[in-house]
Every structure is written in C-alpha cells, then in structure tokens.
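Residue numbers (the working numbering), protein chains in the order written: chain A, 21 to 120; chain B, 21 to 120; chain C, 21 to 120; chain D, 21 to 120.
Fair warning: there could be bad hints in the mix.
Stated by the list, open to error - Residues from chain B that keep clear of chain D, each with C-beta distances beyond 10 Å, as calculated:
no. : residue
1   : 23
2   : 26
3   : 31
4   : 32
5   : 44
6   : 47
7   : 48
8   : 53
9   : 82
10  : 84
11  : 85
12  : 105
13  : 107
14  : 109
15  : 115
16  : 117
Said to hold, decoys possible - Below 30 Å or equal to it, Euclidean Cα-Cα: the simulated DSS-like pairs (lysine-lysine) are:
no. : chain 1 : residue 1 : chain 2 : residue 2
17  : D       : 74        : B       : 74
18  : C       : 116       : A       : 74
19  : C       : 74        : A       : 74
20  : D       : 116       : C       : 74
21  : A       : 116       : D       : 74
As the list claims (entries may be wrong) - Listing some non-contacts, in silico: residues in chain C with all C-beta distances to chain A over 12 Å:
no. : residue
22  : 50
23  : 85
24  : 95
These aren't lab readings, by the way, just hints derived from the structure by calculation.
Every residue, glycine too, gets a C-beta built ideally from N, C-alpha and C.
Number of protein chains: 4
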Amino acid sequence: MSDILNSDQVDHLLTAHPGWTLSDDGLAVSATITFANFVEAWGFMTEIAIEAEKLNHHPEWSNVYNRVAITLTTHDANGLTQRDVALAGRISESLKRREK
Amino acid sequence: MSDILNSDQVDHLLTAHPGWTLSDDGLAVSATITFANFVEAWGFMTEIAIEAEKLNHHPEWSNVYNRVAITLTTHDANGLTQRDVALAGRISESLKRREK
Amino acid sequence: MSDILNSDQVDHLLTAHPGWTLSDDGLAVSATITFANFVEAWGFMTEIAIEAEKLNHHPEWSNVYNRVAITLTTHDANGLTQRDVALAGRISESLKRREK
Amino acid sequence: MSDILNSDQVDHLLTAHPGWTLSDDGLAVSATITFANFVEAWGFMTEIAIEAEKLNHHPEWSNVYNRVAITLTTHDANGLTQRDVALAGRISESLKRREK
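Required output: the full structure, derived from the provided sequences and hints.
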C-alpha cells in the first residue's frame, strides 16, 4: 500500500521535476512536453510505457502530434504517492537523455 | 488538399467502422477501445502510431491503462476528410487482426 | 537464482509452445514468426519488449520486415530456465490475441 | 528505381555517419549501437521503426538488451542506394537527439 505524500513530499516532487504542476485539488500532478516531431514524441512515450508497466503504475496521458500531456495520480490511494514520484523520475530520466 | 466529407461519406465512415460516433458539431469522430491490458493497448497504439506517421495524419488520443480514446479530425480542413477515413481504416484493420 | 530446466521441462516447453525448436547444444530455443507486414511485426515486438523488461529477461531477436526471429536462453545459468518459460508464455499469449 | 551508389557516394555515407562500416562485398553497411539500457534501446528502435515504414525501406536488425546491430542494404538493387542513405540519416538524427 502506498501512503499519500505529505505537503513536504509534494513540494519535493515539484522541485525535483520542473515543469510539473499540482492540480487544484492537490490529488495529481501534470506536465505537457513538446518534442521535435511525432516520431520523437512516440519514442519517448514508448520508453515511459515500458517503465510504467514495470512499475505497475500507469499514467493518464494524451498525445497530439509532437505534444504529450501527462497526469500522474494514484487512484487506489486517491492522491499522490511514492508511485507517482517513481514514475515522474523515469520520465525525467528519459527527457534528460534527450537533451531537454 | 482534402475536401470535407459530405454527409453520405460521413454516414459511410460511421457504418464501415462501428464504434465510432460523430461529434455534435460534425467536425470529428471518436471511439474508445478497451483491450485486455496495458500491454495490448500499447501494442495497438504503436501500430497506429506508425500508420499515422506514414499517412502524415495523426490522431488526438489518450490512454489510461487498457483504454484508448481516439478522435479523428482534419485541422487544416476544419472537419472530416478522406485522411480521417484512411486512418479509421488502419485502426479497424489493426483491431480486426486482434479478434476484436 | 534460476535452475536449469530438466529434459521433461524442456519437452513441456516445446510441447506447450509449438513453433519453437531446441538448439543443437540444448542451451536455447528459437522461433521465427511471420506477420502480415512490418507494422504488425512491430506491434508484436513492442508488446514483447514491455513483457521482457517487466520479467527482467530479454530475448535475442532480429527482424527483417515482417519476420521476427527470437532466441531464448538464460545467460546467467548457461541454459534454459523458468525465465525462458515465462517469456515464451508471454510471446504465445500475444500471438494468440492476434489469431495466429 | 534506386541506382546503386558509386564509390564516392559510399565514401560520403561512411564519412557522414561515423560508426558504420562497409561489408566485405560492398553491398551493405552495418553499425552496432549501445544504449544505457534496454528501455532506451527500445525507444530508439521504435523511432527508427516508424521512419523505416515511412521510407518504405526497412533495416535488418537485431537486439540483445542494450545493444542494437543494424545492417542497411537495398535488396531490390542488390547493393547500397539512396534509400540506405536516407535511413542512415534518420538513424543519426535520432542518435543525435540522444546525446550520443
């Protein structure tokens, strides 16, 4: 079971991963990422798809051409947990490898 | 340049590809498809990603675990065109290969 | 740690998953799978890529257009183990969903 | 129809894309690329899969964990053509985006 992050932990998540914003109700974080083109966006999404399945924690995400919008939340816990921190970490690593 | 589909062509699109519905304003069609799990959903999305790039016509789509919601429209034409018919066809073929 | 499969277990693997053959030295199994086209081959490979990373057990595989050749072995154990059985199982499930 | 590259064009291909080597018979070029891990290797391969299908020119390639070996040749022409130059270019672009 995952515990809900306390406000310090949420602050740490937002500081460690610039570009993410907290939802008004504090239950989720979201980011929108723009790539050079659709192919690069899809390469990124595929990497995150593998990581998500491995973590057994999947994003809510959408894509239009070179833009990817991602929302992270833990439905079972009705809020943000360490599982979201873990997935945000994998996303940042994939982006870092891409010079973003 | 793509011409806007007339109402007969839109009817044909909806008849040929069950599961798609026309938006209220008539400018787009949408479908939501459910797979056995995330892995199968991602396999499907990857096939469609390749087809979309090849057609140079990309969907607006979102994914949560085993569900994929797809909207097709042609922004340049401000409505539905043969490009949407083509992409809907590729989607149906991929689903047919999957016994859906 | 994974134990090497005994000959009954290898027989079971080969019986449960038709299309796989044992290497001459008995250390690996291989299969070659043909799809309708490259797009379907890639959809399949992507599903197996996700499963492989989740199992932390990766295939040796090659692709040319619609053909995928896969070899399974457990390098750490210098032979076939239950990890190969697990990955062969995921491959068969993905193929079964595709009416093959 | 694609013409076979002359030796100047082959030299240019090899100079423009370091890491590729010409086969002994001069009919193909090959490269082996190593990534941080399987996930990054698969992200790269997915990008190239999309480009290959778009170019309607597919590589012969294999993967083991974080390594990807790629051979380019044009079977129809029995040698190297501009189609191989085009695909090598897409591969280099994808690698460049990844700081390699």
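Structure-inconsistent hints, enumerated in ascending order
Violated hints: none at all, because every hint is consistent with the structure.
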